[in-house]
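**Q** Below, each chain spelled out in residue letters.
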Amino acid sequence: MNSKIPEIKLSEEQTGKWGMVIDQDICTGCQACVAACAMENNLSFVGEVDAGYGRSMHWIRIERFWEGEYPEVKMTPGQPMMCQQCGSAPCEPVCPAFATVHSQAEQLNLQVYNRCVGTRYCANNCPYQVRSFNWRDYVRPEPLPNQLNPDVTVRRMGVMEKCTFCIQRIHKAEDKAKSEGRELTDGEFTTACAQACPANAITFGRIDQPESLVSQLIRKHGHGVKHLEELGTLPSVTYFKGG
Amino acid sequence: MSENFSRRDFLKLAGLGAATTAVLTGCGPASRFVRREPYMQMPEYTYNGLSTYYATTCRECAAGCGLVVRTMQGRAIKTEGNTNHPLNLGKTCARGQATLQGLYNPDRVTDPIQKARGTALGRESGNLLDWDAAIQVAADALGKHKPEEIAFLLGLAPDHLDDLVRELAEATGINPPLRFGALSMFEARATLSRAAENLFGKSGIPYFDIGGAQVVFSFGANFLETWLSPVSYTRGFAQMREALSKRRGTFVQFEPRLSSTGAKADEWIPIRPGTEALVALTIGRLAFELIGGALPRAFSDVDPMQAAAKSGVKLETLQRLAALFAGSPHSLAIPGGPALGLKNGLSVAEAVLALNAIPNNFGKPGGVFFSAPAPGQMESSRAASTREMRDFITKLADGDIKVLFIHGVNPVFELPAEMGFKDALQNVEQVISFATFPDETALEADFILPDHHGLESWGYQQVGTGTAQSVLSGAQPVVSPFYNTRATVDVLLAAAKLAGGAFAQALPYVDEVAFVQHRIAPLMRESGGPFSAPEIGAFSAYFQQHGGWWKKGTDLLPPNPADVLNRDLDQTESEFVGEGEFFLVPFVSPTLAEAGANKPWLQELPDPTTTVMWNTWVEMNPATAHDLHIENEDVVVITSEAGEVEAPVYLYPAIRPDTIAIPFGQGHSSYGRYAAGRGANPADLFGLHFNQAGDLAFAGMKVTVRKTDRKQALSRMESLMGVYGEGLGQEK
Numbered sequence: 001m002n003s004k005i006p007e008i009k010l011s012e013e014q015t016g017k018w019g020m021v022i023d024q025d026i027c028t029g030c031q032a033c034v035a036a037c038a039m040e041n042n043l044s045f046v047g048e049v050d051a052g053y054g055r056s057m058h059w060i061r062i063e064r065f066w067e068g069e070y071p072e073v074k075m076t077p078g079q080p081m082m083c084q085q086c087g088s089a090p091c092e093p094v095c096p097a098f099a100t101v102h103s104q105a106e107q108l109n110l111q112v113y114n115r116c117v118g119t120r121y122c123a124n125n126c127p128y129q130v131r132s133f134n135w136r137d138y139v140r141p142e143p144l145p146n147q148l149n150p151d152v153t154v155r156r157m158g159v160m161e162k163c164t165f166c167i168q169r170i171h172k173a174e175d176k177a178k179s180e181g182r183e184l185t186d187g188e189f190t191t192a193c194a195q196a197c198p199a200n201a202i203t204f205g206r207i208d209q210p211e212s213l214v215s216q217l218i219r220k221h222g223h224g225v226k227h228l229e230e231l232g233t234l235p236s237v238t239y240f241k242g243g
Numbered sequence: 001m002s003e004n005f006s007r008r009d010f011l012k013l014a015g016l017g018a019a020t021t022a023v024l025t026g027c028g029p030a031s032r033f034v035r036r037e038p039y040m041q042m043p044e045y046t047y048n049g050l051s052t053y054y055a056t057t058c059r060e061c062a063a064g065c066g067l068v069v070r071t072m073q074g075r076a077i078k079t080e081g082n083t084n085h086p087l088n089l090g091k092t093c094a095r096g097q098a099t100l101q102g103l104y105n106p107d108r109v110t111d112p113i114q115k116a117r118g119t120a121l122g123r124e125s126g127n128l129l130d131w132d133a134a135i136q137v138a139a140d141a142l143g144k145h146k147p148e149e150i151a152f153l154l155g156l157a158p159d160h161l162d163d164l165v166r167e168l169a170e171a172t173g174i175n176p177p178l179r180f181g182a183l184s185m186f187e188a189r190a191t192l193s194r195a196a197e198n199l200f201g202k203s204g205i206p207y208f209d210i211g212g213a214q215v216v217f218s219f220g221a222n223f224l225e226t227w228l229s230p231v232s233y234t235r236g237f238a239q240m241r242e243a244l245s246k247r248r249g250t251f252v253q254f255e256p257r258l259s260s261t262g263a264k265a266d267e268w269i270p271i272r273p274g275t276e277a278l279v280a281l282t283i284g285r286l287a288f289e290l291i292g293g294a295l296p297r298a299f300s301d302v303d304p305m306q307a308a309a310k311s312g313v314k315l316e317t318l319q320r321l322a323a324l325f326a327g328s329p330h331s332l333a334i335p336g337g338p339a340l341g342l343k344n345g346l347s348v349a350e351a352v353l354a355l356n357a358i359p360n361n362f363g364k365p366g367g368v369f370f371s372a373p374a375p376g377q378m379e380s381s382r383a384a385s386t387r388e389m390r391d392f393i394t395k396l397a398d399g400d401i402k403v404l405f406i407h408g409v410n411p412v413f414e415l416p417a418e419m420g421f422k423d424a425l426q427n428v429e430q431v432i433s434f435a436t437f438p439d440e441t442a443l444e445a446d447f448i449l450p451d452h453h454g455l456e457s458w459g460y461q462q463v464g465t466g467t468a469q470s471v472l473s474g475a476q477p478v479v480s481p482f483y484n485t486r487a488t489v490d491v492l493l494a495a496a497k498l499a500g501g502a503f504a505q506a507l508p509y510v511d512e513v514a515f516v517q518h519r520i521a522p523l524m525r526e527s528g529g530p531f532s533a534p535e536i537g538a539f540s541a542y543f544q545q546h547g548g549w550w551k552k553g554t555d556l557l558p559p560n561p562a563d564v565l566n567r568d569l570d571q572t573e574s575e576f577v578g579e580g581e582f583f584l585v586p587f588v589s590p591t592l593a594e595a596g597a598n599k600p601w602l603q604e605l606p607d608p609t610t611t612v613m614w615n616t617w618v619e620m621n622p623a624t625a626h627d628l629h630i631e632n633e634d635v636v637v638i639t640s641e642a643g644e645v646e647a648p649v650y651l652y653p654a655i656r657p658d659t660i661a662i663p664f665g666q667g668h669s670s671y672g673r674y675a676a677g678r679g680a681n682p683a684d685l686f687g688l689h690f691n692q693a694g695d696l697a698f699a700g701m702k703v704t705v706r707k708t709d710r711k712q713a714l715s716r717m718e719s720l721m722g723v724y725g726e727g728l729g730q731e732k
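Line by line, the protein sequences are chains A and B.
Residue numbers are given in the numbering used here: position 99 of the first sequence equals residue 99, and the series is strictly consecutive.
Residue numbers are given in the numbering used here: position 656 of the second sequence equals residue 656, and the series is strictly consecutive.
All clues given are correct.
Simulated pairs of lysine-lysine, DSS-like, Cα-Cα distance not exceeding 30 Å:
#	chain 1	residue 1	chain 2	residue 2
1	B	364	B	202
2	A	241	B	246
3	A	74	B	707
4	B	551	B	246
5	B	702	A	74
6	B	552	B	364
7	B	314	B	702
8	B	246	A	74
9	A	74	B	310
10	A	74	A	226
11	A	74	B	711
12	A	241	A	17
13	A	220	B	246
14	B	246	A	226
One-sided excerpt, in silico: chain A residues whose CB lies under 8 Å from chain B:
#	residue
15	30
16	45
17	48
18	66
19	146
20	149
21	195
22	196
23	199
Everything labelled a hint here was simulated from the structure, so no lab data went into it.
C-beta atoms are modelled at their ideal positions from N, C-alpha and C, and glycine is treated no differently.
Could you put the whole structure together from the sequences, leaning on the hints where they help?
**A** Dropping the structure here:
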C-alpha cells in the first residue's frame, strides 16, 4: 500500500473529535433544523417531481415510523438523521476519486466537491442513506442567489453532497481562536441545526473532551444509542431514545 | 460599534453620501439604509470576508420572535435567533429560517403599480407609478372621502403600523383598523379570550406555563406547530420533558386526528369530535371524586358512564386519566386548535380551563396566567374574530366603505370563500394594497403600493403572549430595500401631509423612524429594562441593537380563580353542520402556516407527520379507505354545504375512522410561482357558522367524500414501501 495513504484504524475505542447528541424525547419533528441546514449550506430545492423521486437535497431529515394500528397507534419519536461522521466510514474506501476522504485534523468525513465524478458508490455504501446527489443543476431564479452563504461551495450537477457538521463554522471558530492565541472553547459555536432547534434537542461539541457539554450529556443520560453501531462504523452521533 | 457612536448616527453620515438619491426621490428615509456598494466604494466599516449582524423581529407569524440576521456586503445571508430575546432565546422555527426566501423571492412586487382588478401582475397589465404619484393616490383616497368611508385592514401582528393607523383613526374619525389573519381564525383567539373573561372576569389570551408542569392535558392545542407562539411553547415542552433534572412530565393529547403536537404525547386519546367539553368535565368530576370533598357545581352534572359512551373513550381510561391529572400539584389543561373551532368552542374552552382549578394552578408555576402585556399594548387592540370580519364584509358589500387599505393580510385566500370578500370588493370604490407579494388580495386591488419586506423595515412589534416578560420587539432593516418599495408608514405619513386638514395634524411625524422613536420614548422612563440612555437617539440605537426592550422579571398576571368552579358549565355535544358521513378536521400546515407557500424551501420541508412535500393531501384512516375502496393517492372530492375541494388521499394511521383531515396553507391561485396552482384550499369548504364567541366553527362540519377515477402522486420523504407496503404492490 502506498505509504502516503494513512491506514484507517479500526479500533473499538476510537472516538472522533466532533460529535452530536440528539435527544429524541424532546425532538418535535418541527423541521427547523432542516430549514436551518438548507439556508446555511446553500442546499438546492429540487421541486415537487424530483422530490417525489427521492432526490431532494436534505442533509438532515427527521425520520418517524408508525407502531401499532388504530387506536393503539404511536408515532416513534422524531429521529433527526444526518451524516454520522463515522470513524470508520463505509463511504470512504469505495470512492475511486478520493472525493470522500477522512480528515485527520477534524476527524470528519469530507466531501471534496471538485474531485467528485458522480459514481454514487459512496451513497450506495452509506448505511444511513444520508448522501444526496445533484441529479441536475437546480435552478435558483434571481434574486434568490443573494442569500447564498459565501463560506459554502455551491454544488453543481453530478456531485455528491452531505452533512459536513458545518465545517465552515468549525474552521471560522478555530481561526478566530488561533488568531486570539487561545484554545477553542466548548459551546463557542455550533452547527446550524443545533443553533435553530427550538427544543434544544441537538447538541454539538467535542466528544473527545470529557468536560464538554456533549460528553457530559452522554454520561448523565447513561443509555445513548449509536445507530448501526454493529456495522463497525464508529458513528459520532449519539441518540437518546424517547419515552 | 462603539457605544457613543450609534448606528443611527452612522446612518445619518452615510446618508450624506447618498444625498443625490435623497434629492431625486425627495425623501429622507432612503438615507437611513445601508446601501449596496460596489467593492471600489465599500463603506468603511464593511470588510471583505467579515459579516455584520443586525437584530430585528421575525415577521413570518405574529408571535414576534427576535432574530439576528447575518449579512455580508449588504446581502442577508442567514437568520439566527436573538439569544437575548426573552421570547425565543436564540431559537427559530422553520419559517423564521426561510424568511430570506421571502426577502429574495423572485416574485415580489417591485414597484408601485396601478392595475385593473383581478388581473395578474405584469408590466403589460398595469401602469407603473413613481412614488410621488403613488403617494398622491393615497392622499386623494384619504382627503377626498368622508372619514367613515375609509377603512384599514391589517395583519395579525400588533406592530407600529397598527399603532399609527389607530392614532390616525382617533384623530380623524376614520374606521379603526381591523387586524386579522388566518392563524387567529384557526387558533380561535377570540374564543380563548372570551372564555378567560367568563371564568376569571377579565379578557385576554391566557399563558400556559408548560415548562413548569408535570402533567399536561391538551385538548387540540397544537402548541408545537403554529399555535400562538410555537417556539417558546416548544421550549416549554422540552423543559417539561427534561428528565435529567427532575421527573419527566407526562403529556396527553385529546383530538380526533393525531397532530404533529399530539405525536409527541405519551398518550393520544382519539376523542369523538364534539365531545371535548363533555370529556373535560367528566375528567373534572372523576378527579374531584378521587380527591374527595364536595363536588363543585361546574362538574356536578356530568354522567361519566354516558360521557364514556358518547366520546368513545372507555370509562376506565377516563378514570385513569383523572387519577393522573389529580395526582400532581402541577397539572395543566390547555384548550386550543380545532377543539375551539366547534360550534360549542367556547364551552370547550371554558370546560378545559376549568380543569386547571383541580390543582388550582392559577398564577402558579406550571399553571395558567394572563399573558404579560407588552409595553404600549392597548386593551382595545385585539385581533378581529371571524364574525367581526363577516360584519365588516357586509359593510363593504353595502357600499359603506369607499376606500379600503389592506396591509399584511390576504383575506381573499385566508377567509372562507363563502364569506364573499372578493365579491364585496366590487362595491368598494378604491382598494389600495400594500402587499409585498402579488397575493390573491393584491390582485383584486386598484393600486399596489408595495411595502418593504420585514427584513428591510424599521418598526417594532408588541409580543402578545408566549413569554413571562413584557416585551416590545424591535425591528430594523438588515439590508437596504432590494426593490423600489417604500415603508407603508412613510407612505401614510406623506399622504396624510398631502391630504391636509385633520390628517396632516393627526400625524406630525417626519418619517417612520421618528414615529417609532415617538412611541418607544416613554420606555426611557421605565425601570427594569436591559439598557438606559439619556436621550432618544441613543435609546433608539440601543433599542435596535438589542432587538427590542423588555423588562427583567415576570409580568404574568394571575387570573382570579374565585368563581371558576362555582358555575354551570355546558356539557352538551357540539352540533355539526352538513349531511356527510365524515367529520372534517382542517389544520394549519405546521411547516407552511398561512403564508409560507411562496418560499420554495418551506414547500420542500416534509410535513412532520405525513412527510408530504409541495402539495395538499386528505388524511383518511386506512380501514375506512379500505371499506370505500380508496387507495393511497386516489383523488377524492370532499363536499361540504359550502363547497368542494379535490385532493389526493394519504392513508393516515392515526385518525379516527369517522374523521378526515386536510391541511391549510396551499391552494393559492397567485402569490408567486412556488405557491400558485398547487394543492387545494380547505377554506373553500367552510360554511359561515360561528361558535359562541364569534370565531368560525371551521371544525364543525360533516362532509362527504367521493372517489374520482384519477390518481395524483404525492411527493413524500418517507419510503413508499414503508408504511403499508404499497410500493411492493401488497396493498389489499
